[in-house]
Amino acid sequence: MNMFSTRRSEPPPVPASTTPAPSSNGASHYPSESRGLLSRGVSIKGTVKFTNELVIDGEVEGTIDSTGTLTIGEHAMIKGEIKSRSIKVRGNVEGDITATERCELQAGCTLRGDIEAPRLVVDEHATFCGSAKVAPQK
113 MNMFSTRRSE PPPVPASTTP APSSNGASHY PSESRGLLSR GVSIKGTVKF
163 TNELVIDGEV EGTIDSTGTL TIGEHAMIKG EIKSRSIKVR GNVEGDITAT
213 ERCELQAGCT LRGDIEAPRL VVDEHATFCG SAKVAPQK
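Residue numbers for the sequence shown, in our numbering: 113 to 250.
These are calculated hints, taken from the structure and not from any lab test. All the given hints hold, so there is nothing to weed out.
Distance condition first, Cα-Cα at most 25 Å in a straight line; then the derived BS3-like pairs of lysine-lysine:
#1 Lys245 - Lys161
#2 Lys161 - Lys195
#3 Lys157 - Lys200
#4 Lys200 - Lys161
#5 Lys191 - Lys245
#6 Lys245 - Lys195
#7 Lys157 - Lys191
#8 Lys195 - Lys157
#9 Lys245 - Lys200
#10 Lys161 - Lys191
Simulated DEER-style distance windows between Cβ atoms:
#11 Pro248 - Gly148: 25 to 31 Å
#12 Thr179 - Ile156: 15 to 21 Å
#13 Thr212 - Gly158: 19 to 25 Å
#14 Ala247 - His187: 30 to 36 Å
#15 His187 - Glu165: 15 to 21 Å
Virtual Cβ for every residue (Gly too), placed ideally from N, Cα, C.
Sequences are here, hints too, so could you generate the full structure?
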């Protein structure tokens, strides 16, 4: 084995799931699950809809409706109703939350509203002003 060989090794093959698929305009995109981010400093008024995963660290005034996973970041301010499969709250929410699988209120968050979810996790350092209906889905 020669340490200073001029022979270059070939790069490892790329798994099929991460190979870019060509689109109609010739650009490539990755067909893996899409993850969205509404970063700090972004402000939206209206309805936010998504299907897979979204992290919100900005401001939303309106409805958030999804079949995916929502993470509300520590800098986020949400005013409105939230419906999603799974929800993690780290920031501030003023409105009701409905989760079809799970809702988690993490340390430092503030929720002023009601929760309906089959599973609820509340950290001892979370602020929750409202009522909770925790019952398995029928």
